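Chemist: Below are the chains, spelled out letter by letter.
Protein chains: 2
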Amino acid sequence: MSIATIKTEIRSAGSTYKIECKAGDKTFILDEPEELGGSNGGMNPGEALLNALGGCKYIVFKMFYQKFKIDLLDLKIDMEGQVDPDVLAGKNKNGKMGFMNIKTKYYINANNTKEEIEKFVDYVESHCPMQDTIVNTPEMTREILGQK
Amino acid sequence: MSIATIKTEIRSAGSTYKIECKAGDKTFILDEPEELGGSNGGMNPGEALLNALGGCKYIVFKMFYQKFKIDLLDLKIDMEGQVDPDVLAGKNKNGKMGFMNIKTKYYINANNTKEEIEKFVDYVESHCPMQDTIVNTPEMTREILGQK
Chain A
1 MSIATIKTEI RSAGSTYKIE CKAGDKTFIL DEPEELGGSN GGMNPGEALL NALGGCKYIV
61 FKMFYQKFKI DLLDLKIDME GQVDPDVLAG KNKNGKMGFM NIKTKYYINA NNTKEEIEKF
121 VDYVESHCPM QDTIVNTPEM TREILGQK
Chain B
1 MSIATIKTEI RSAGSTYKIE CKAGDKTFIL DEPEELGGSN GGMNPGEALL NALGGCKYIV
61 FKMFYQKFKI DLLDLKIDME GQVDPDVLAG KNKNGKMGFM NIKTKYYINA NNTKEEIEKF
121 VDYVESHCPM QDTIVNTPEM TREILGQK
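For the protein sequence lines, the chains are A and B, in the order given.
Using this note's numbering, you'd call the opening residue of the first sequence number 1 and step up by one each time.
Using this note's numbering, you'd call the opening residue of the second sequence number 1 and step up by one each time.
Just so you know, the hints here were simulated from the structure itself, not pulled from any lab data.
These numbers were taken from a predicted model, which means no experiment stands behind them.
Using N, Cα and C, we set each Cβ at its ideal position, and we do this for glycine too.
There may be inaccurate statements among the hints.
[What the hints assert, rightly or not] Pair by pair, the computed Cβ-Cβ distance ranges are: (1) A/Asn92 to B/Gly24: 18 to 26 Å; (2) B/Leu73 to A/Leu36: 20 to 28 Å; (3) B/Leu145 to A/Glu143: 28 to 36 Å; (4) A/Tyr123 to B/Thr16: 30 to 38 Å; (5) B/Asp86 to A/Gln66: 33 to 41 Å; (6) B/Glu34 to A/Tyr123: 38 to 46 Å; (7) B/Gln147 to A/Lys67: 47 to 55 Å.
Turn these sequences into a full structure, and let the hints steer you where they fit.
Modeler: Right under this line is the structure:
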């Protein structure tokens, strides 16, 4: 066991919902669209989560395809998830707050059989750390601290 | 119920693990560090997921603090999560693939009592769509398609 601790920082980037998300020396901006009161300065957290999840699958695919003798010509991944915004807005009291479903679409161009590709995608799905994070919920804790 | 479908696209950005993650006209780059075979062109998917989750909490906080009469002077959020990289690497067969734990650290400067702030943070935690996505796992499906 070799535990690694991953840390990130979320700070205001000026306008109401516009935030700078930082990990080491890397950053991206998140925001909400103008119709939701944001300044449209970046994608929203739901889009960022789908990209983190799909990006993890993409990288795991690239890490292991050669081991599985996948003769890969091209890989693209599209992510798709459904939410009911009325739940957060308080208009629907019985719905789910977050994503109800998430679909991963693998566009694969490879000189392999359908079975070989399916077997490998099963491997990717079961070895993707961010898929595991969503499917097997980690211990979630929170701490409230004074000014930093 | 007003279902919204959120879509994103993950594409190669040149080098092995470097990928462009897109939602509408917004993009960010993910990658792995050089010691893991990447080109260090962006944060990794674990960092991006923590930022998507923490960013969602930040935005939900900003959406509702006035309703809860929080006299907010400053908010910062740090995220922290632990993983065992040996599991993905195949060196530890019994560990968890993804995050074992995720901690949200709220740094709050506000003219309110500890109780008022705690009550509001409880509200944020239970109304954050990305927290819900991880705690109450959505239906996860995958589709394999030919070249796009």
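Chemist: All hints, please: hold or fail.
Modeler: Against the structure, the hints:
1. A/Asn92 to B/Gly24: 18 to 26 Å: Since A/Asn92 and B/Gly24 have Cβ atoms about 25 Å apart, the given range 18 to 26 Å holds.
2. B/Leu73 to A/Leu36: 20 to 28 Å: Hint holds: Cβ distance 24 Å, inside 20 to 28 Å.
3. B/Leu145 to A/Glu143: 28 to 36 Å: Taking Cβ atoms as reference, B/Leu145 and A/Glu143 lie about 43 Å apart, which means the hint is violated.
4. A/Tyr123 to B/Thr16: 30 to 38 Å: Check failed, 18 Å falls outside 30 to 38 Å.
5. B/Asp86 to A/Gln66: 33 to 41 Å: Violated, at about 21 Å.
6. B/Glu34 to A/Tyr123: 38 to 46 Å: Violated - the Cβ-Cβ distance for B/Glu34 and A/Tyr123, about 25 Å, lies outside 38 to 46 Å.
7. B/Gln147 to A/Lys67: 47 to 55 Å: For A/Lys67 against B/Gln147, whose Cβ atoms are near 23 Å apart, the range 47 to 55 Å is violated.
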